[in-house]
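Trainee: Following the hints, complete the assembly by docking chain B onto the known chain A.
From first to last, the protein sequence lines are chains A and B. Residues 659 to 1415 (my numbering) make up the first sequence, in order. Residues 24 to 451 (my numbering) make up the second sequence, in order.
Be aware that a few hints might be false.
[To be verified] Simulated crosslink set (DSS-like; lysine-lysine; CA at most 30 Å straight-line): (1) A:K1147 <-> A:K1185; (2) B:K306 <-> A:K726; (3) B:K306 <-> B:K266; (4) A:K726 <-> B:K113; (5) A:K785 <-> B:K266; (6) A:K785 <-> A:K726; (7) B:K306 <-> A:K785; (8) B:K266 <-> B:K305.
[To be verified] Only part of the chain A face toward chain B is listed, based on derived beta-carbon distances under 7 Å: (9) L707; (10) M718; (11) G724; (12) A730; (13) V731; (14) R919; (15) L978; (16) A981; (17) E999; (18) A1015; (19) A1144; (20) K1147; (21) L1164.
Keep in mind the hints are simulated off the structure, nothing from the lab. In this text, a Cβ means the ideal position worked out from N, Cα and C, and glycines have one as well.
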Amino acid sequence: MPGIATALAAAGGSPQGEAAGAAASGLFGWLLAFCREPGVLESLLALLLLGGVLWFWWRMSRLVRGAKSRQAVEDYLFGVEQALHGDLAGARARLERVVAADPENHFARLLLGKVLAELGEPEQAHKQHLYLQRAFGVDSPENDLLLAHSLFGAGLAQEAAAAAELALQRLPGRADGFAFLYRARLQAGDFDGAAAAGRRMLELVPDGPARQRWQRDVAHTLARDGAERLARGDAAGAQRALQAARRLDPQAEALPLLQARVQAAERGLPATVQALLAAPAAGPGEPGEGGDRALVVAPGQPLEAAAARRGLPMATFAGLVPASRWQCRRCAAPLAGPHGECPRCGSRDEPVQTEPALVQALGSPMHTMDAIDANTAHVQRLVRQALDDPGEAGASARLAVLELRERAVAELLRQAWHRDGAGRDAAVELLRAMGPEIAPVLFAASDALEQQRVLPLGARSPAAVVGRVVQGFDRAALPHVEVLFASAKPEHRKILIDYFLGLADLEAFQIVLERFPPLEILHRLDKADGAVLRRFLQAVPQGHFVATTLLREPAFYREEDVLAAIPGARHPEALEQALLARGPSRALTVALIGALGDPALGEVAARLLAAFGEPVLDHVLAAFSDPERDDAERRRLGDLLVRGAGPTARRLAAAFGPEPSAIDGELRRLLVRIGEPAVDPLRTAYAQVSLLERLAFGLLSRHTNRRAQIVQALQAIGTGSAAAALGELLAEERDQNLRLRLQQALHGLPGPGGGDG
Amino acid sequence: MGRFGDAVRATLFAPLRALLPRNPWLRLLVCALPVVLLLALFGPAVDVLLKLVDLGFRVLEPLLQTTVGRLLLLLVVFTLGGAFTVWLLKSRVGALRGEAALGRHLLATAALVGQGRKSRERFRRVARYRGPAPERYPCVVQDANLKLARSCLEAGQLDEALAWLVRVVEAGLPRELQRSLLQLRVRALRLQGEVLPATLEQEVRGALGRFPDDYVLLGELRDLLAQRADPVELAATQELVAKHAPPAAALRERQRWCDELGRAGRALLGAGDHDGCRRIAKKLAHADPGGSAGGLLLGDLHRARGDHRAAIVAYGATRSPEGLDRVAELLAEHPGAVEPRELLECCPLQGTLLLVARELARDGDQQRAERAARLAAESLGPTATVCAVLAEVLELLGQQAKAALLREQTIARLLQPGEPRAGAGGGT
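Pulled out of the complex, with its shape left as it was, chain A reads as follows (with noise of 0.2 Å):
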């Protein structure tokens, strides 16, 4: 001890250092003094070695308790064996139990969540990752990832992202963490985000074939996500994922299109296409020029050289489009079928396809080749789709019929032949919209159907639809019609006056009536279109041969059409009078009153009426009654009747019923109107005795409505003359009401006779 006490004071040589020396010996000195005491060392190395069993003892407690505080400590550590070695349901049923018996145990718990996710069952697993984070308050990045995982799981790939996300903020060197977040962006479409993650985890990845797995999945990434930048009109920032992307993997599928696409966003869209188009073809894994990939657009790439390229047997575009027919529905990574999951992003949503058309099923095999050799199916299934589908579909038919043009010919003829009504009209118009053209396809059509009629009735002759289509086509097709007037068919005249009543060219029609009786004619006459033969009857001139002869033949039965094609005739004084020639036959009075109503025909048909007089008055006052018409018709009809004066006055007298209707004050009212002319009737009218009256003696009353009304129609006349026939007629009833009634109407008329009764 003097040995120590000595070396330390010869260390303190300074003046400080003797200070510190002297400090430093004074508690040496005494730490030494206290030491030499008895006893005393003695009991500090008993309280040290005291002291080491007390520690140990603590220590081993410690762990001891930690031990015996887990309850099934067999279950667990076999749980976490089987969870590690993949007896995934074996670890299941283990964890479960530890957990229902010591639910302290966190990495039980944790475990037992990540075995529930491989055994997919993701939701289970996120309930415990959140039961360790929530409820126990474990603060574990650990466990927030594999909540992540969980959530990942169960599809919600953008909630799985961000709880990643905040996980690895403190586990910033996890490569596994950072592929999952890749993995997890990429499947909820963030390109941008996975892009950064995949960065990231490169960053982590140690060398080797992983790595480069990696590289060219995180270069794919990029790409995409220059496509997306570019989309969005930031050339810049696809410029800069592409070159990011070029470093990571010059040869990634993806990057040809996307420098293509920011090429032609800097040069412009047609230098770009005809720099692609000029350049070499190669294939997508040989480099060309400048390093960079030659796109594979030019023609007639052998097949053998595609198909050792992985390239499509049917596609030129190889570069441009991707090697695969399918892609993931997430992420859109090229994929090799349509099961699976996609490997970059683990989406187990069913793959799109880039081209579904292409596997479409056909409607019909034969019938799309029947389309393809145009033949004769084809044409019959065309066109009965065209003339029966109202539709999209027929419309297209429609198009496609009048394309084949002559082709088609024949079976729209036989289709309007078969058809009536609409579809006849239909197939008509199909024709003539095919032009005239077709003019001599269509004759020749229509002679070899009427070989084909075993009854050569007139009315279902095939040349009546050819005489149809035929008018509707214009001077054109003189030419192709002329060459029928040497042909002595039957058919054929009908067709030519047909072509001709259609051209509504009275000068051109001269050449018929030259050729043909007008018999003959006037049956084409009477079996034209209504349309076309209002057409040709508004060409009709003043006093030619149509007008003074052929439209007042009895047997021209259209007399409803020239009433029809007076208000757009251009001599229409020479229809009226052909009308008024003809007489008022039933049909045409009926057609004039009917014509009443038409502000175009009103004024001709009141014109006719009211020339053909007395013998229409019956119809018109018929009309009249008739209480559904409308008033502005029913005032032309009262007007009509007015013209009419006596006789009219006389059937109106007569029209009054035994008892009251509705009808009877519009009678008395015309009557009115027609004044002093109704007098005369009205009172013979009055004086009229029914046989049922003359029978009964008597017995029956006089008193009936015909008379009330005849009396009060003479009050309302209200002349001298209606005066007169009143007083008369009073003098001459025996009837008492009627003779109030009389009484009542002298009355009331006006005027000096009027109130003395």
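Mentor: Just chain B, lined up with the frame of chain A:
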């Protein structure tokens, strides 16, 4: 003899044990009392004892005079006392050590996730433990060895992993740990790469003999067979892998099974084993009922046999783009192998219209080719493939300008920034 002696002793001392108190100290006292009484009766013997005590004091006295001596004495006393205490509580100390090892093992296990280094250190300490095994988990050391081996494998330290695995005593190992041991050993040996393949395969098959449903072991066998390039056996193994895969991996393994079956079928086809290929095709159709692989393989088989019509029927029945590509390939190899009408009937897809158009164009049937091309364009739309084939058709028909224009429009469409990459095409 020993057993007999024990039985006799137990029989003789049974009444005595029944009379003795249960407290060990009292029991010692009761046992020591006759001895003390006997010694008291014999004075010389007591004197000898006293002399011995005196001798002891004489030896100790000089030591007690100096500090160093007292310290030495203190150490001796503590050591002897401790040893005596340990000897007295031998069984309890053993149990305590075992529990302590178990506690350390549990701590290491809990640190498995997220605290790899700490976990490994704790497992190493457990692995060094040679004391009595804890009652609640006797295989704690083996378990620690396995955990360390697994950890080393994950870190790529193969030799160290093998070292830990070799230390595992297999006798009496629970089934759960046996399975891990076999898995780890197989994987370590395979990754290490210096074991002969036959030995390794024998090892895997042996392990599978004990755990035939083990997904990991089956996967190891699959990987082993993949190196040996026996596609049929590989497909059969992959079938087992897919069968026993956990749900999370089932889809992936099933897809791989289908892929392996396809490879096996093509290998058999290449080797001329048509019957085997047909069997594989059937199996493939069963394995992947909604997929096209089975049909494609069947089509390949027909194609190899020269039955082009049947091949096209099989390809077309898949209704897949791959099938359509195969038909295109077949027609390119054998132009005019089937009539266009027959082609459409065999493969009734809209995409077949393109092939019909191309076939007709190759035959120089201009009108029909144009009509087919038009039908295809109308029904398929201006996708990339459609435009490419139609451009080819136009070229075959001698309409070079139109073909170039179509190609140009297609590329222009593909280069539009907003245009989706796949399926895009040019104008018609």
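Trainee: It remains to establish, for every hint, whether it holds in the given structure.
Mentor: Consistency of the hints with the structure:
no.	hint	verdict
1	A:K1147 <-> A:K1185	holds, 19 Å
2	B:K306 <-> A:K726	violated, 55 Å
3	B:K306 <-> B:K266	holds, 14 Å
4	A:K726 <-> B:K113	holds, 20 Å
5	A:K785 <-> B:K266	holds, 28 Å
6	A:K785 <-> A:K726	holds, 28 Å
7	B:K306 <-> A:K785	violated, 40 Å
8	B:K266 <-> B:K305	holds, 18 Å
9	L707	holds, 5 Å
10	M718	holds, 5 Å
11	G724	holds, 4 Å
12	A730	violated, 9 Å
13	V731	holds, 5 Å
14	R919	holds, 5 Å
15	L978	holds, 5 Å
16	A981	violated, 11 Å
17	E999	holds, 5 Å
18	A1015	holds, 5 Å
19	A1144	violated, 35 Å
20	K1147	violated, 35 Å
21	L1164	violated, 46 Å
Violation of the numbered hints given earlier is confined to hints 2, 7, 12, 16, 19, 20, 21; the remaining hints are satisfied by the structure.
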